[in-house]
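*Asks:* Given next are the chains, with one letter for each unit.
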Amino acid sequence: MAEHVLNGVGAAPGFAIGRVFRYAPRETATESQAINQTEIEAEVARLRDATDRARTRITAAREAAAKSGEAEAAIFDAHLLMLDDPAMIGESERRIREDHQPAAIAVEQTAAALRKMFDQIEDSYLRERGKDVTDVATQIIRALQGDASPSTAQTLPPDSVIVADELLASDVALLDMERVTALVTAQGSRTAHVAIMARAMGLPIVVGVTDILSRSRDGDVVTVDGERGEVVLSPEPSTLARMEERINTERQERLRRAEFRDLPGLTRDGTRIALFANIGTPDEIEAALEQGAEGIGLVRTEFLFHERSDLPDEQEQFLTYQAIAQGMANRPVVIRTLDAGGDKPVAGIPVATEMNPFLGVRGLRLSLKHPEILRTQLRAILRAAASGDIHVMFPMVTTVDDVRAARQILASVGAELEAEGIEHRRDIPVGIMIEVPAAAVSADRLIKEVDFFSLGTNDLAQYVLAVDRTNELLATNYSPLDVAVLRLIERAVSAADAAGKPVAVCGELAGDLEAIPLLVGLGVRELSMTATRIPQAKELIRELRVGDEAQAAQARIA
Amino acid sequence: MVDAEITITNAAGLHARPAALFVRTAAGFESSIRVRNLSRDAEREADAKSILSVMTLGIEQGHIISISAEGPDETAAIDTLRALAKGNIDE
Numbered sequence: 001m002a003e004h005v006l007n008g009v010g011a012a013p014g015f016a017i018g019r020v021f022r023y024a025p026r027e028t029a030t031e032s033q034a035i036n037q038t039e040i041e042a043e044v045a046r047l048r049d050a051t052d053r054a055r056t057r058i059t060a061a062r063e064a065a066a067k068s069g070e071a072e073a074a075i076f077d078a079h080l081l082m083l084d085d086p087a088m089i090g091e092s093e094r095r096i097r098e099d100h101q102p103a104a105i106a107v108e109q110t111a112a113a114l115r116k117m118f119d120q121i122e123d124s125y126l127r128e129r130g131k132d133v134t135d136v137a138t139q140i141i142r143a144l145q146g147d148a149s150p151s152t153a154q155t156l157p158p159d160s161v162i163v164a165d166e167l168l169a170s171d172v173a174l175l176d177m178e179r180v181t182a183l184v185t186a187q188g189s190r191t192a193h194v195a196i197m198a199r200a201m202g203l204p205i206v207v208g209v210t211d212i213l214s215r216s217r218d219g220d221v222v223t224v225d226g227e228r229g230e231v232v233l234s235p236e237p238s239t240l241a242r243m244e245e246r247i248n249t250e251r252q253e254r255l256r257r258a259e260f261r262d263l264p265g266l267t268r269d270g271t272r273i274a275l276f277a278n279i280g281t282p283d284e285i286e287a288a289l290e291q292g293a294e295g296i297g298l299v300r301t302e303f304l305f306h307e308r309s310d311l312p313d314e315q316e317q318f319l320t321y322q323a324i325a326q327g328m329a330n331r332p333v334v335i336r337t338l339d340a341g342g343d344k345p346v347a348g349i350p351v352a353t354e355m356n357p358f359l360g361v362r363g364l365r366l367s368l369k370h371p372e373i374l375r376t377q378l379r380a381i382l383r384a385a386a387s388g389d390i391h392v393m394f395p396m397v398t399t400v401d402d403v404r405a406a407r408q409i410l411a412s413v414g415a416e417l418e419a420e421g422i423e424h425r426r427d428i429p430v431g432i433m434i435e436v437p438a439a440a441v442s443a444d445r446l447i448k449e450v451d452f453f454s455l456g457t458n459d460l461a462q463y464v465l466a467v468d469r470t471n472e473l474l475a476t477n478y479s480p481l482d483v484a485v486l487r488l489i490e491r492a493v494s495a496a497d498a499a500g501k502p503v504a505v506c507g508e509l510a511g512d513l514e515a516i517p518l519l520v521g522l523g524v525r526e527l528s529m530t531a532t533r534i535p536q537a538k539e540l541i542r543e544l545r546v547g548d549e550a551q552a553a554q555a556r557i558a
Numbered sequence: 001m002v003d004a005e006i007t008i009t010n011a012a013g014l015h016a017r018p019a020a021l022f023v024r025t026a027a028g029f030e031s032s033i034r035v036r037n038l039s040r041d042a043e044r045e046a047d048a049k050s051i052l053s054v055m056t057l058g059i060e061q062g063h064i065i066s067i068s069a070e071g072p073d074e075t076a077a078i079d080t081l082r083a084l085a086k087g088n089i090d091e
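Residue numbers (my numbering), protein chains in the order written: chain A, 1 to 558; chain B, 1 to 91.
Check each hint, because a few of them may be wrong.
[As the list claims (entries may be wrong)] Interface residues of chain B toward chain A, partial, derived using beta-carbon atoms under 7 Å:
no.	residue
1	D47
2	S50
3	L52
[Said to hold, decoys possible] Lysine to aspartate or glutamate pairs mimicking DMTMM-like chemistry, simulated, CA-CA at most 25 Å apart:
no.	chain 1	residue 1	chain 2	residue 2
4	A	K131	A	D49
5	A	K344	A	D389
6	A	K116	B	D41
7	A	K369	A	D389
8	A	K344	A	E302
9	A	K116	B	E43
10	A	K116	B	E74
11	A	K369	A	E316
12	A	K369	A	E416
13	A	K116	A	E166
14	A	K116	A	E91
15	A	K116	A	D165
16	A	K116	A	D159
17	A	K344	A	D310
18	A	K344	A	E508
19	A	K131	B	E5
20	A	K116	B	E45
21	A	K131	B	E45
22	A	K344	A	E354
23	A	K131	B	D47
24	A	K501	A	E490
[Claimed, not checked] Pair ranges (Cβ atoms, derived):
no.	chain 1	residue 1	chain 2	residue 2	range
25	A	E98	B	L38	23 to 33 Å
26	B	L38	A	D313	15 to 25 Å
27	A	G421	B	L38	19 to 29 Å
28	B	A76	A	R404	47 to 57 Å
29	B	P72	A	R407	51 to 61 Å
30	A	D211	B	A76	58 to 68 Å
31	B	A76	A	D84	21 to 31 Å
32	A	R272	B	L38	49 to 59 Å
33	A	D211	B	L38	43 to 53 Å
34	A	D77	B	L38	25 to 35 Å
35	B	A76	A	S214	55 to 65 Å
36	B	L38	A	R407	38 to 48 Å
37	B	L38	A	E420	52 to 62 Å
38	B	A76	A	A60	35 to 45 Å
If you are wondering where the hints come from, they were derived from the structure by calculation, not from laboratory data.
This one's a predicted model, so the numbers in the text were calculated from it and none came from an experiment.
In this text, a Cβ means the ideal position worked out from N, Cα and C, and glycines have one as well.
Required output: the full structure, derived from the provided sequences and hints.
*Replies:* Written as structure tokens, this is what we have:
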């Protein structure tokens, strides 16, 4: 049989080889045959019995999930409350008694009506909770239909790849992990509870593989690539060999990472270099921690503004920033205010067509032209700062006046929150990106206005060299390690040093193995990069001597 | 029957966690307790002892809610829930 490649969405990374185990395909209750008057009591008793079994199952799932973390366990605490809720169980019972509906239909329609109400809520967080209603209702319906008992999950053959239409968080919690190598579902999304659970358990999962149930049979050999979202049924020997190699490489890589993760970024002559991660969405926190990030040196907040035509409100931003701060426990998190413009537009803020968008209304310039948007974001940041070590940073700063204008708004929203009696923290560190050459040249003046600098080397290099880094014809002219760029970096670092304030690099150079010795030599003590680069960067740093690198860097810019 | 109107000052409105606390507190009283969100849909009444009903009221910061209780401990129920809703619920 020829191999068959199916594509979905990789929702938890990792590679696996195993055999298909088709898990509890749920029959949707569709027959709405009314029950007789005489059957009512028996049907209500069945419902109560099913609810009890669902409760036992969810409680067991909670215990299993608690091993991964309290956040995973909390999913099930909410489910238990919903299970015993009069709006769920009382209403289902009413439908049996008054509408003579069979129990499964009663539960399904109760859940559907609740879902409809959740869908109408403006607040996206609350709206999202409607999915939990479906999860709980499905548990009751499964118990009513008597399928997918936990014992099924416990008698799995070894090396099973669980294949299902949809998996609930509780299903995953109850699987015998010793026997499961991967999960594949026809439905679901990256943000589903099941994906969160899988990531916490280190299991690869591919969701949205629409054809998986019709294409696979129990026992089929299958490979799963949780990164690219690829599932191969009946793989050829060559595909299998490739996958085995990846699994081995990954295992070695994981061992290596574990070895370096808990070691500090310390040079041979004892200088501490802090290694931070840049993130573009809250999902990336896990990876950052796994790679040993000591904090988040750059949260790009643009993700909140993408794929929508309206603007994220204060509440949504607050909850997102709070989740990041809490996810990083007490480690520092630097939130950059919206960095949009003609070259990276967001639908909610129309920008006039510009001849030179890179020299146009972007970063802080855009925010200052829409102070109401900046105010909303800063309010959310100050509120989130009450639950973590949050720093705020402004992008695309050119002059001292830019910083003062931004700080004035920050002070004003702080006073506003205080007057409204809303919990927040106002005295958070305030920093700026150094990416405009003018800012690097006047760094000594700017540092008096802020608490820290972060060097955005990508933009700084393109402005200093007057090379559009997106222009392929000039690809060889764009060299971020050019002496002119390095001289400006040195200038900014010296200004910060003289003021006794920290300076980080959060551009691509921070994770570049060729650039790291130079940056350290120029006096940079904080590097923030894509999380996956941290282990290599740390390995390199532990080989460096600051004295030697400082000499080499000085020679290079002389 | 005893009732009260309260403006929700809690920053997160009545999100899952604060809603759970509200509901658990309400469930501790014998009286029947109803909640309405006057800022959203003044007609729709929710059972204060049902987390799902309370959550679907979509109560956010700044909304005005009305709570009414009827039963042997109605006064205590309203006093307790009002104190809870007026303070920063579970924050």
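*Asks:* Would you check the hint for K116(A) and D41(B), treating anything up to 25 Å between C-alpha atoms as holding?
*Replies:* holds, 15 Å
*Asks:* Does D49(A) lie within 25 Å of K131(A) when you go C-alpha to C-alpha?
*Replies:* holds, 23 Å
*Asks:* Given the hint of 49 to 59 Å, check if R272(A) and L38(B) actually sit that far apart at their C-beta atoms.
*Replies:* The hinted range 49 to 59 Å holds for R272(A) and L38(B), with Cβ atoms some 56 Å apart.
*Asks:* Does D47(B) hold up as a contact with chain A if the rule is Cβ-Cβ below 7 Å?
*Replies:* Status holds, d = 6 Å.
*Asks:* Taking 7 Å as the limit, does the beta-carbon of L52(B) come near enough to a beta-carbon in chain A?
*Replies:* This interface hint holds because 4 Å falls under the 7 Å limit.
*Asks:* Verify the proposed pairing of K501(A) with E490(A), using a straight-line Cα cut of 25 Å.
*Replies:* Given pair K501(A), E490(A) holds - Cα atoms ~14 Å apart, limit 25 Å.
*Asks:* Quick check on a hinted range of 43 to 53 Å for D211(A) and L38(B), using CB atoms only.
*Replies:* holds, 50 Å
*Asks:* Taking 21 to 31 Å as the stated bounds, is the beta-carbon spacing between A76(B) and D84(A) within them?
*Replies:* holds, 24 Å
*Asks:* For a C-alpha distance cap of 25 Å, please report whether K344(A) and D389(A) respect it.
*Replies:* violated, 28 Å
*Asks:* Does D159(A) sit within 25 Å of K116(A), going by the straight-line distance between their CA atoms?
*Replies:* violated, 40 Å
*Asks:* Need the status of pair K369(A), D389(A): alpha-carbon distance at most 25 Å?
*Replies:* Outside the cut-off at roughly 28 Å; violated.
*Asks:* For D77(A) and L38(B), compare the CB-CB distance with the range 25 to 35 Å and indicate the outcome.
*Replies:* holds, 30 Å
The structure shown violates the earlier hints numbered 5, 7, 10, 16, 19, 37.
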